[in-house]
Every structure is written in structure tokens, then in C-alpha cells.
Amino acid sequence: MLGEGILKGLAETAKNFAGSYVSKERLTTVQYPEERIPTSESARVFPFLVYDGPDWEAGLRCVACQICEKECPPKCIYIEKSKDKKPDYVGKLQIYPARFDIDVSVCMSCQICVEVCPFEAIKMDVEFELSTDDRFGGLLRNRQHLAKSNEYYHQIHPTEASEVDARLGEEKAKLEAKAKAAAAAAAAKAAAPAAPAAKPAESTPKPAEGTDKQ
Amino acid sequence: MKTVEEIKAAIEAAVPGAGVEVMQNPGPSGQHSLLLKPEHALEVAKFLHDDAELALDHLSNVTGVDWPDKEIAEKVKVTRQVTKSVDGVEQTVEETVEETRKRVEPGYLEVVYHLFSVAKKHGPVVLRQRTQNRSDKVEVPSLTPLWRSAEFQEREIFDLFGIVFTGHPDLRRILMWDGFKDHPMRKDYVEPDDFEYEPTAHDEVLKRAQEHRARAGAAVGEGAGQ
Amino acid sequence: MTNSATQSAINTQVEGWNRPREIEPDGDNELLEVAMGPHHPSTHGVFRMDVALDGERIIRLKPVFGYLHRNHEKLGEGQTYLASIPYTDRLDYICSLTNNWAYALAVEKLGGIEVPERAEYLRVIVGELTRVQNHALSVGFLIQDMGASGTPLMYAFREREKILDLFEQLTGSRMMCNYMRFGGCRVDASAEWLDGVRKVVAGLPAFADEYEALLCTNEILMARTQGVGILPPELAVNAGATGPLLRASGVNYDLRKVDHYSIYDRFDFKVPLGDHGDVYDRFMIRLLELRQSIWILEQALKDIPGGPIMDPKAKIRGFRPKPGEAYGRIEAPKGELGFYLISDGGPNPYRYRVRPPSLINLTVLEDMCLGQNVADVVLILGSVDIVLGEVDR
Numbered sequence: 208m209l210g211e212g213i214l215k216g217l218a219e220t221a222k223n224f225a226g227s228y229v230s231k232e233r234l235t236t237v238q239y240p241e242e243r244i245p246t247s248e249s250a251r252v253f254p255f256l257v258y259d260g261p262d263w264e265a266g267l268r269c270v271a272c273q274i275c276e277k278e279c280p281p282k283c284i285y286i287e288k289s290k291d292k293k294p295d296y297v298g299k300l301q302i303y304p305a306r307f308d309i310d311v312s313v314c315m316s317c318q319i320c321v322e323v324c325p326f327e328a329i330k331m332d333v334e335f336e337l338s339t340d341d342r343f344g345g346l347l348r349n350r351q352h353l354a355k356s357n358e359y360y361h362q363i364h365p366t367e368a369s370e371v372d373a374r375l376g377e378e379k380a381k382l383e384a385k386a387k388a389a390a391a392a393a394a395a396k397a398a399a400p401a402a403p404a405a406k407p408a409e410s411t412p413k414p415a416e417g418t419d420k421q
Numbered sequence: 045m046k047t048v049e050e051i052k053a054a055i056e057a058a059v060p061g062a063g064v065e066v067m068q069n070p071g072p073s074g075q076h077s078l079l080l081k082p083e084h085a086l087e088v089a090k091f092l093h094d095d096a097e098l099a100l101d102h103l104s105n106v107t108g109v110d111w112p113d114k115e116i117a118e119k120v121k122v123t124r125q126v127t128k129s130v131d132g133v134e135q136t137v138e139e140t141v142e143e144t145r146k147r148v149e150p151g152y153l154e155v156v157y158h159l160f161s162v163a164k165k166h167g168p169v170v171l172r173q174r175t176q177n178r179s180d181k182v183e184v185p186s187l188t189p190l191w192r193s194a195e196f197q198e199r200e201i202f203d204l205f206g207i208v209f210t211g212h213p214d215l216r217r218i219l220m221w222d223g224f225k226d227h228p229m230r231k232d233y234v235e236p237d238d239f240e241y242e243p244t245a246h247d248e249v250l251k252r253a254q255e256h257r258a259r260a261g262a263a264v265g266e267g268a269g270q
Numbered sequence: 055m056t057n058s059a060t061q062s063a064i065n066t067q068v069e070g071w072n073r074p075r076e077i078e079p080d081g082d083n084e085l086l087e088v089a090m091g092p093h094h095p096s097t098h099g100v101f102r103m104d105v106a107l108d109g110e111r112i113i114r115l116k117p118v119f120g121y122l123h124r125n126h127e128k129l130g131e132g133q134t135y136l137a138s139i140p141y142t143d144r145l146d147y148i149c150s151l152t153n154n155w156a157y158a159l160a161v162e163k164l165g166g167i168e169v170p171e172r173a174e175y176l177r178v179i180v181g182e183l184t185r186v187q188n189h190a191l192s193v194g195f196l197i198q199d200m201g202a203s204g205t206p207l208m209y210a211f212r213e214r215e216k217i218l219d220l221f222e223q224l225t226g227s228r229m230m231c232n233y234m235r236f237g238g239c240r241v242d243a244s245a246e247w248l249d250g251v252r253k254v255v256a257g258l259p260a261f262a263d264e265y266e267a268l269l270c271t272n273e274i275l276m277a278r279t280q281g282v283g284i285l286p287p288e289l290a291v292n293a294g295a296t297g298p299l300l301r302a303s304g305v306n307y308d309l310r311k312v313d314h315y316s317i318y319d320r321f322d323f324k325v326p327l328g329d330h331g332d333v334y335d336r337f338m339i340r341l342l343e344l345r346q347s348i349w350i351l352e353q354a355l356k357d358i359p360g361g362p363i364m365d366p367k368a369k370i371r372g373f374r375p376k377p378g379e380a381y382g383r384i385e386a387p388k389g390e391l392g393f394y395l396i397s398d399g400g401p402n403p404y405r406y407r408v409r410p411p412s413l414i415n416l417t418v419l420e421d422m423c424l425g426q427n428v429a430d431v432v433l434i435l436g437s438v439d440i441v442l443g444e445v446d447r
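Chains as they are written, first to last, in my numbering: chain A, 208 to 421; chain B, 45 to 270; chain C, 55 to 447.
Treat each hint with caution, since some may be false.
Below, a list of computed lysine-lysine pairs in the PhoX-like style, where the Cα atoms sit at most 20 angstroms apart [said to hold, decoys possible]:
{"no.": "1", "chain 1": "A", "residue 1": "379", "chain 2": "A", "residue 2": "293"}
{"no.": "2", "chain 1": "B", "residue 1": "165", "chain 2": "C", "residue 2": "311"}
{"no.": "3", "chain 1": "A", "residue 1": "282", "chain 2": "B", "residue 2": "251"}
{"no.": "4", "chain 1": "A", "residue 1": "277", "chain 2": "B", "residue 2": "251"}
{"no.": "5", "chain 1": "A", "residue 1": "282", "chain 2": "C", "residue 2": "128"}
{"no.": "6", "chain 1": "B", "residue 1": "164", "chain 2": "C", "residue 2": "369"}
{"no.": "7", "chain 1": "B", "residue 1": "165", "chain 2": "C", "residue 2": "324"}
{"no.": "8", "chain 1": "B", "residue 1": "81", "chain 2": "B", "residue 2": "119"}
{"no.": "9", "chain 1": "C", "residue 1": "324", "chain 2": "B", "residue 2": "164"}
{"no.": "10", "chain 1": "C", "residue 1": "369", "chain 2": "A", "residue 2": "277"}
{"no.": "11", "chain 1": "A", "residue 1": "277", "chain 2": "C", "residue 2": "311"}
{"no.": "12", "chain 1": "A", "residue 1": "231", "chain 2": "C", "residue 2": "367"}
Simulated from the structure, these hints should not be mistaken for laboratory data.
Next comes chain A alone, as it looks inside the complex (with noise of 0.2 angstroms):
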């Protein structure tokens, strides 16, 4: 019959809009902005910096190695390394980034700074609302724009975040324990100068160093 096929098709949106009234998931349309959908663990939109402590100048975990200005695929990452070094979270003296400007209309969230860092400084956003009425400047962001701290990383990834603390603090452990031996060794050294027992002590925390992430 002629028309049939049509037919056919109108019961099956018929079936649809009766549906939506009785089963909420042929309801599928969420009114945003009044209503969201939470946002994924894993999503990803933007880069932002992971600082530890309260204060985020001098807890910044970044030491301006520059792996991510050289692997970043649309070159949207600027570092000015410091001229001098300040404590990082262990307590080493090391480089802090002086400059570290992202431009938001460059960057394409493709996440490859993250995947290279070695130092789990830089992590993704999962804040997507970035529009502005500024181009230039609003769009750059600075290292203060930059800085979230770890308290705001465990909130949005929190299983990627406690594997990241949970593998900083296997380093500080080592690094710790490391200076603890090569302290203990120091006093070893000073009260015998020729005991052999320095020995082990210092090739123990080698290990240490080779665990770091590639």
C-alpha cells in the first residue's frame, strides 16, 4: 500500500513523543546555562599550573625546564626562565618560571604539554566557559591566571590526582631518605674518615633518581 512505509515512520516519532512525557531518558535535551551536565573526570579544555602550599608564587611545582614551550604542537606556551633559583616542593634549589603565558586562542586542549611534563606541574582544566570581550589580553593568561592549586586538581581529577600525589610522595620519601643517608653518611665520614660503611649508604638512593617519570 502507498503510504505505508510513511506510516510506519509517524507511528515510530508518534512513539517517541509520547515517550518523553513517561521515560525521562527519551528526554534527552538539558537546558544549559540553567541546567549542566558535570563535566567528565578526564575532560580536558585548558592547561592550568598545580602549585602546593597556600601561597602560589612560591609553591609552584613548574621549574621552567621548557619541554612543554618545545612539544606544544601550535607553540602557545611562553617561558622566561628566573635568574635565580628558589626552593621547590622538596625543598631543592631549582628554577621557577619567571613567565609562563598560555594564549587561550591558540591552544588547542590537545594535552601534550601534560603528557611530556616530568614534573606533574601542568595539568588540564576542566573550566570551559573561557569566552572574553578582550581579544588579546583577555585571551592571555598569565602565570597568576595560570595557578590552581592541587586542593582545586583533586577536585575536578580526583583519581588522577591522588596518583600524582602518591607518586611525588614516593620521590620525596627517596629524596629524603637519600639526604637522610647522605647526612648520615656525612657524620659517618667525619667521625672515621676511612670507614667503608659510607659506601652502601650512598649508592642506595640511586634507584631514586631513575624512578623519575620519563
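Position chains B and C relative to chain A; hints supplied.
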């Protein structure tokens, strides 16, 4: 499927004087290629297309490669006659001197064809053609008469590399606009200085951005616009 | 496939079916030249067709490209092997994961890298999910091109949304996934994610049933698409058409079966083939392939093993393959997507070439459109299934 050497032998049996050369691929993919001579390229391609055993009816990919002029420095031992005064007497002595000579290996443009067979489900057979140089003798015969799929791809190579395909039915620019000069995919292509720079410009881009700003400023001052 | 046209083509000009046919206008009507585009033809992107019309009939059609050209290949030559991966997402932005896959495959051939089993399974899962959403979408857009705005397309979007949510959970992004690496995948899938995929895949057959009931027997759709835009199989093969466009003409050529790449040999699936090569066949082929993809997904989800997802020997950062070249290709939803790479031993490829299925499938657009009505051109273009990001690169 036949190996490249077997295909070469088959071509030479079918097309006398084809002069096909095997180009070895040192990489692990093992996709060796056959370099065609321009005067026999269409005949060879037709053989590959029509041969019952090969039946390469699907020309999948056509692309250009630019190999610019290479400057090769090599050390050469040169013997020359030098007049010297030995013990107050003028004498002609032969002396061997080592000299560094620079030799320019002329560059060329290359077209690479990847052939497969839909009927026999094998492939790829890789063909190459080379132009004589990069400036005025850039013609190679088009394979579009045999495989329609080369039509847009050869147009693209003409557009981006500047290789002229003789026998192509409709050789125009395809991706760039008609009034465009130069060929962007060549290695020595210089980008026009006509775009905005992002505020984070650094390194090379920063230098270019500063030059651009200086030039743009001067131009505005003269009332030339831009 | 010896053809008199190809034989005579050697010495003389191109002729025969190898060249677009000439259509003679009836009588001496004045021809009307129309620029269809840039834009509208149901907005597959910025694309123009210069059309000459005799009344409603198409006498000549010349596609004009390049509005979205950004010289992707030159960009690839200036980037490291790793940095090119996010750019491949932006070729065919509907199917970023299969683009990643084709590129990763080419680099793996170039560098001789192995891929662990679990990573292959993950690639098949995300690749087939991509195919499902692409085919649902392209059918939706085809119907939209026909004038049925809304309903069928929104049904497809509803299903695509679920798949995109899965992509976001796994890769972090809905469309620009940047997921595969040479030697494996970037992140491992959790058990919850796999359960989520199982749930979505379990719902897909119902969607396919619904979609088929909605569309397949619709008389208007049949009247508009059957016998329209016929592509003969010889021309399809000769013009390098691939993917559903080729198979709708009845040519059995699916790279998943032909090239035996990845682990497709382990799965049992059929290659649907068309009979007539018209728009209706292309539409049906996509729906049938969607069903086959669901079937592959079910098998892959059942057998997925544990294990590593990256080849431990693969070096992602600072990867420098030995000099050489490789051409790797996969069956992307739109056709054969290939990457041709030449390495000179440096950190960047010396030559980086994309074989775009969308562009090469358009070679036959004129042949399919000549003699058809102007309203059918939009439909035929829709049935080729193009994405301009890939056509213009």
C-alpha cells in the same frame, strides 16, 4: 604478490627499453618503489593496469615530494704544478694539495603513485617519476588517462608543488586560488608576511612579528595602508 | 578491465567514460550558470559547485575547493611526529579517532613498532564506535539534505551523544580525541568505561531498528533516492572511490578484510554490498555497516584482554625513525584514509601526506550529477558523505 624485482622483469619483458629502476626503501616497511622514465611512463602504467596477474586497477594515492638542490662538500686531492725556487733555481714541481670542493647536486621534484588492486586485493606497488629540475623542466606525463583518481590529486600536486602533468585534461589550481603565485609545498617557499601574530610570539615568530610590525607601521605612516 | 577508452587514451586526448560526459542541452534554451555555494548545499561546509543548468537539468558541474585550506601537509612537515597527532583530529572532525589510527599505523610501519593486544582491542572499539556515529550522522544529514529537517537527524544526534560521552570519559574530549599514539594508546580504559560501552552498544540495535522503521520503507525517500546519482562500478574503481560509496556500487573492497590490519581477522563480520550504486544503496549500505559495526563491537567487548597499552620500546617524545618511507591506510568510515610518510632520520617527517577519502570520492561527483535535477545534486553530495576539513586540508 610479485616482488618489485619480478614486477620490474615483467615490465621489461612487456615494454622493451622501459628502463625501470628499483628504488630501495631502507625503512622497515619494505615498500620499495619503481622509478619510471618519463618517455615510457604511460606505457608501463598501462601494462600494470591491464596485466592479468597484476591488475592494478586502483590508484590510491598520488603525491609530490620536493628534493631541493643539495650542496655536497667533499675533499679532493689535486695535483698541480707549482713554480718554486729551490736553491736559487726556478723549478717546476708537482705538488699534491687537498682541497674542499663544493658540488651542487641538482634537485628535482618527484611524484609518487601508490597502486593497489581491487580485483586481486593486493598492493601496494609504488611508482615514482622525477622531473629534470625544479625550475623550468618540471613536466611529467599524467596518469589521469589511465586512472581517474589521479585527476584531483595531480591537480593538487600541480598547485602545491608546481609539477606540470602533460596530458592532464583539466590542469588548474585546486586548493589555492587562481591568481596565486608560487607553490606552497616546496621546501624553499617563503610565507607571505600578511597575517596577524598572536600575543605570545616568541623565538623566530617574535622576530618575524617585530619585522612585520615595523614594516606595517612604516607603511601606515606613508599612507600606503595595511 | 581492459577498456577501449583507456587503450586509445595513451596517445591522444582523454576520452570515453574516463572523462566526465558531455550532456547536450535539449533544444536551444539558454544555459543558466549557478554557483551552488560556498555554503548551503545543506552545509556540509564551505564548498562550491559551479553548475550549468538547462532548465532543471545539470549540464555541467565543476567542484571548487580550497575554502578551508590550511596546508595541513606543510604543518606536518614542521612538527614532530607526536605533535602531528592532534592535527590529524582536525582533518575529518567527525571521526577523529580513525584519523589518529591511520596516522599511528603509518608511523608504526615507518618505525617498525609493535602494538600490544589490548591496545589493538581498544583501537577497534573506539574505531567502530566512530563508524557507528559517523554512519548514523551521515544518514541523518542525507535525509536533512532531502528536506526532512529535524527528526531523523536528531535521532542520530541523540545516539551520537551517548558515544561522544564515552569518548569524553576515555580521552578527555568529545571530538578532538587525540587518543592514539604510535605503539598503542594514550590512556587505558577502566572497567567502568568498558561497562559503559557495553551498555551503549546494547542499546544500539534498538536504535538501528527504530531508524530503519522510520526511514527504509518511506515512499518519499524511495522516490527521491532510487535511481538517482548512479555510479557504475568500473568508474568507481577507476576513480579511486572507496568506502561505502564504492561498496554501494557492488565492489567488494573493504580494507578491514583486504589489508588484514590490526586484529580485524579475529572478528566475524560481513561486508554489505549494493546492487544499483544509487543514493538509496549508499544510504542502505551505511545502515547495514552500522549493524556490522555493532556486531564487531559486541565481539571485541567480549574478548578484550588485559595487559599493557603501549609498546614499551616505543619512544613517543623525540621519536626519530630511520630513513625510509611508509604508506599506511585504514578503512575509515568515509573510505580509505592513508598517510604517506618519508623520514630522513630527523625528528620531523620529511614528507607528510594525507590521502583524503572525501576529496577523492568527489572525483566522481560530476559524473553522478550530470543529467540529474538540480534538487538531486544536494542529495548526491550528501550521499558521498564528505567533511570539508578533510577535503581542503
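Hints versus structure:
A distance of roughly 17 angstroms separates the Cα atoms of residue 379(A) and residue 293(A); the hinted pair therefore holds under the 20 angstroms criterion. Taking the CA atoms of residue 165(B) and residue 311(C), the gap is about 9 angstroms. The hint holds against a cut of 20 angstroms. Among the hinted pairs, residue 282(A) with residue 251(B) is consistent with the structure: their alpha-carbon atoms are about 15 angstroms apart, no more than 20 angstroms. Pair hint residue 277(A) plus residue 251(B) holds up; C-alpha atoms about 17 angstroms apart against a cutoff of 20 angstroms.
A hinted pair counts as satisfied when its Cα atoms are at most 20 angstroms apart, and residue 282(A) with residue 128(C) qualifies at roughly 16 angstroms. The suggested pairing of residue 164(B) with residue 369(C) is violated, with an alpha-carbon distance near 37 angstroms, which exceeds 20 angstroms. Note on residue 165(B) and residue 324(C): the hinted pairing holds, with a Cα-Cα distance of about 17 angstroms set against a maximum of 20 angstroms. A hinted pair counts as satisfied when its Cα atoms are at most 20 angstroms apart, and residue 81(B) with residue 119(B) does not qualify at roughly 33 angstroms.
For the given pair, residue 324(C) sits about 19 angstroms from residue 164(B) by alpha-carbon distance, which is consistent with the 20 angstroms threshold. For the hint pairing residue 369(C) with residue 277(A), the CA-to-CA distance comes to about 17 angstroms; that is within 20 angstroms, so the pair holds. Taking the CA atoms of residue 277(A) and residue 311(C), the gap is near 41 angstroms; set against the 20 angstroms cutoff, the hint is violated. Restraint check for residue 231(A) and residue 367(C): not satisfied, since their Cα atoms lie roughly 49 angstroms apart, outside the 20 angstroms limit.
Violated hints for the displayed structure, listed by number in ascending order: 6, 8, 11 and 12.
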